[in-house]
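Chains as they are written, first to last, in our numbering: chain R, 1 to 156; chain D, 1 to 116.
Any given hint could be a false lead.
As the list claims (entries may be wrong) - Facing chain R, a subset of chain D residues (Cβ under 8 Å, in silico):
{"id": "1", "residue": "D98"}
{"id": "2", "residue": "L103"}
{"id": "3", "residue": "L107"}
Said to hold, decoys possible - Covered, in the sense of this in silico footprint (three residues per stretch, anywhere, with C-beta under 8 Å from a C-beta of chain D), are these stretches of chain R:
{"id": "4", "region": "9-21"}
{"id": "5", "region": "34-41"}
{"id": "6", "region": "99-112"}
It is worth saying that the hints were derived from the structure and are not from the lab. Glycine included, C-beta positions come from ideal geometry on N, C-alpha and C.
What follows is the residue order along each chain.
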Amino acid sequence: MSTQTVTIHKILSASCEEVFDAWLDADGMRVWMCPGPVTSCEVAMEPRPGGKFRIVMTAPGAEFVNTGEFRVLERPSKLEFTWVSSRWGNRETLVTVDLHERGTQCELVLTHERVPHKHSAGELVDGWKQIVGKLAEHLGIASEPPIATEEVKENL
Amino acid sequence: MVRSDIHATVLNLVFGAIADSTRRSILDRLRGGALTVTALAEPYAMSLNAVSKHVKTLERAGLIRRKIRGREHSCQLNARRFEEAMNWMSYYTRFWNDRMDALEEHLAIRQKRGTK
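Given the sequences, and given the hints that come with them, work out the whole structure.
Here it is, written out as structure tokens:
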């Protein structure tokens, strides 16, 4: 299945540690994460694997909210996080930042992928639980979630 | 959610369709205006049937529209589909390039100040 991928290369005159740390520094990010017409940029983050971030960009007449979750934080070589933007219909996308030491410089390779939507097994189970619950309601009987879950798992 | 799933399917069809060089060439030639499938097939070293299959793939992706007049099938470009797919990529290519330039500047300023 084809997806869209954007790849950006950049050589930075800094150590990979400095570049890595800049991605997890909310105060610094406010300065460099403001695109063109954006007048203010608010950044809140929990800089740890599984931690969430929220970047709100305010432009005249528009506000974009970008949220995500840090998946991989391997100082100083790799960051991976999900990226969900209100500008693009809140679809979950994935950003990977790879940092390679090049002498005294750092080569940054950023890959931003649109991930095709897959239903995880968990989502399916949740979906079926709801359906089974509604069916039970419809039939006028009380549903017992543990039993329904077991049955669904069997069927998967 | 349902709407964005449909959107994703459309984008996958679009990108699948333009992954092939013959199909890209067909699209390029249609920029000049509508052509019949026979006229489209002319420059390619492949059967009319093979070209017709490429046209169908492009049609499914919504990149071209086919009009049938009697025996002749004429094909026309549907530019709107392109825009949808390309907008995302060009937006983020620019967004991240600009952000990385800003990051470079930010790091340089910090280094000058001697703060780490």
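Cross-check of the supplied hints:
The interface hint given for D98/D is met, as the beta carbon of that residue sits about 6 Å from the closest beta carbon of chain R, less than 8 Å. Nearest Cβ of chain R to the Cβ of L103/D: about 5 Å, under the 8 Å cut. The hint holds. Hint status for L107/D: holds, given a least beta-carbon distance of 5 Å to chain R, under 8 Å. Counting residues of the region 9-21 of chain R whose CB falls under 8 Å from any CB of chain D gives 6; the rule of at least 3 is met.
Here's how the region 34-41 of chain R fares: 3 of its residues keep a CB closer than 8 Å to some CB of chain D, so the rule of at least three is met and the hint holds. Coverage of the region 99-112 of chain R by chain D holds. Counting CB-CB distances below 8 Å, 3 residues qualify, and the rule asks for three or more.
In this structure, none of the earlier numbered hints is contradicted; all agree with it.
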